[in-house]
Amino acid sequence: MKARAFNYIRVSSTDEALQAFHGAKDACYLSGGQSLVPSLTLRLQAPDLLIDISRIDALKGVQVRDDRLRIGALTRHVDVLRSAEIARFAPLLKQAAAHVAHPAIRNKGTIGGSIAHADPAAEFPAMMLALDAEIEMIGKLGSRRIKADQFFRGLYETALQPGEILTAIHLPLFGPAHRCAFDELARRHGDFAIVGAGVQAVFDGEIAQSARIAFFSVGPTPMRARNAEAAIAGRLLDTDSISAAQTALSQDLDPSDDIQTTPATRMHLARVLLGRVLGRLKGPTDTGAETQR
Amino acid sequence: MTELVPLSLTVNGQMVHRLVEPRVSLADFLRQDLKLTGTHTGCEMGVCGACLVLLEGEAVHSCLMLAVQAEGLKIETIEGLAERGVIAELQAAFHERNALQCGFCTPGMLVTAHEILAAGGQPSREEIRDALSGNYCRCTGYQAIIDAIETVAKVRGGASASPATETIA
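Line by line, the protein sequences are chains Z and D. Mapping to our numbering: the first sequence position 284 is 498, numbers consecutive. Mapping to our numbering: the second sequence position 127 is 520, numbers consecutive.
Calculated directly from the structure, the hints in this document are not laboratory data. Keep in mind it's a predicted model, so treat the numbers as computed, not measured. Keep in mind that a hint or two might mislead.
[As the list claims (entries may be wrong)] List of simulated lysine-lysine pairs, DSS-like, C-alpha gap at most 30 Å:
1) Z:216 / D:547
2) Z:274 / Z:361
3) Z:274 / Z:354
4) Z:239 / Z:216
5) Z:216 / Z:361
6) Z:274 / D:467
7) Z:274 / Z:239
8) Z:354 / Z:496
9) D:428 / Z:216
[To be verified] Pairwise CB distance ranges (calculated):
10) D:485 / Z:361: 27 to 37 Å
11) Z:299 / D:550: 48 to 58 Å
12) Z:405 / D:517: 44 to 54 Å
13) Z:390 / D:491: 46 to 56 Å
14) Z:450 / D:496: 32 to 42 Å
For each residue, glycine too, the CB sits at the ideal point set by N, CA and C.
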């Protein structure tokens, strides 16, 4: 299939983008286009105007600022994999990036696009929950920030208002007391996961003081596993506490049926995966800034 | 009515200027406007990898990009890579190892292979397999393709190739 006809404008600032959006009937922002372009081709979306925001300099770059890591929305998945700052200050994101689609998609897709698209089976939206990220956006009323916990509202639905542009994400810095782990189960590497999970925890010695656990591919939005988090909080991370978290997980997730997996299988796999990622927290997290091939 | 957009880009080292419809994918632009039909369109949704081209030296799906997004940028297609001679060893190794049958996926395979090898170092079979995860081949079963790429990697790495894979001169 081919996309329905639309007009196209390339903008160089968010002001210009907002102006174009509000002057159009049915506009769409284009960044990396790795979800949007196939969606246009399949005519799942048929806007009358595409606003190409991929060359707005203000949306680029990764910096540490005021005890926060700021990742510009246009940062590509391959940049997430290669960034020394991300490897050091948000290693969970780097671990997740290796699982995002295939290399050629990672060369074009952007983190802001992935989060704004909010595919419930995507890695980065869920990692925003695990990392307690703040999402920065700009609209015609100005700029605002919102916690990831309040950002994902429903299937492909976020707190972004019509016309608002996701500009950056802000993450607390990974420090010596932090540990993190990511894993997913997929039939083929690079496919959307049947279930995936990321966890970041604060440790005092071997005691997990607190943890944030996020799952994807288990419901209409990425999901926190708050009961599982509570089951390990303040406890020594051992077989008992991990097992308690796995039991508690049934109160957190209620996966629905789909073409490839039954809810019971997916729930089972989620428990297995939780065991694996928590098990990996037993040792310190490697934040070596080695670049991945 | 949609407005045509003026587009200037570099394709295989040559500047190209055209007026294009915004909805035209880079793949269709290359094939239909420029008649560079070595870039294949398979799934047209970023799954099969037959349409891979280099954008500023990095492999991307030309079906997942609009031609207008390439304004001012450098594109290299399989034709350009072949003419420059940079994939000659890969082409020979694919031939030797029987790493293609119908050949539909081959341009995309070669673009991926070129990108892995251009990164330098000696990729393991596992790394080659991982890099090829977005390239579908329905004929060969992939082993021969991995063999071919591994062979070239070893030759380029200067390491002595094992007898089993020492097939190119």
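Verification of the hints:
no.: 1; hint: Z:216 / D:547; in the structure: 42 Å, violated
no.: 2; hint: Z:274 / Z:361; in the structure: 21 Å, holds
no.: 3; hint: Z:274 / Z:354; in the structure: 20 Å, holds
no.: 4; hint: Z:239 / Z:216; in the structure: 22 Å, holds
no.: 5; hint: Z:216 / Z:361; in the structure: 38 Å, violated
no.: 6; hint: Z:274 / D:467; in the structure: 20 Å, holds
no.: 7; hint: Z:274 / Z:239; in the structure: 28 Å, holds
no.: 8; hint: Z:354 / Z:496; in the structure: 47 Å, violated
no.: 9; hint: D:428 / Z:216; in the structure: 19 Å, holds
no.: 10; hint: D:485 / Z:361: 27 to 37 Å; in the structure: 56 Å, violated
no.: 11; hint: Z:299 / D:550: 48 to 58 Å; in the structure: 31 Å, violated
no.: 12; hint: Z:405 / D:517: 44 to 54 Å; in the structure: 22 Å, violated
no.: 13; hint: Z:390 / D:491: 46 to 56 Å; in the structure: 53 Å, holds
no.: 14; hint: Z:450 / D:496: 32 to 42 Å; in the structure: 59 Å, violated
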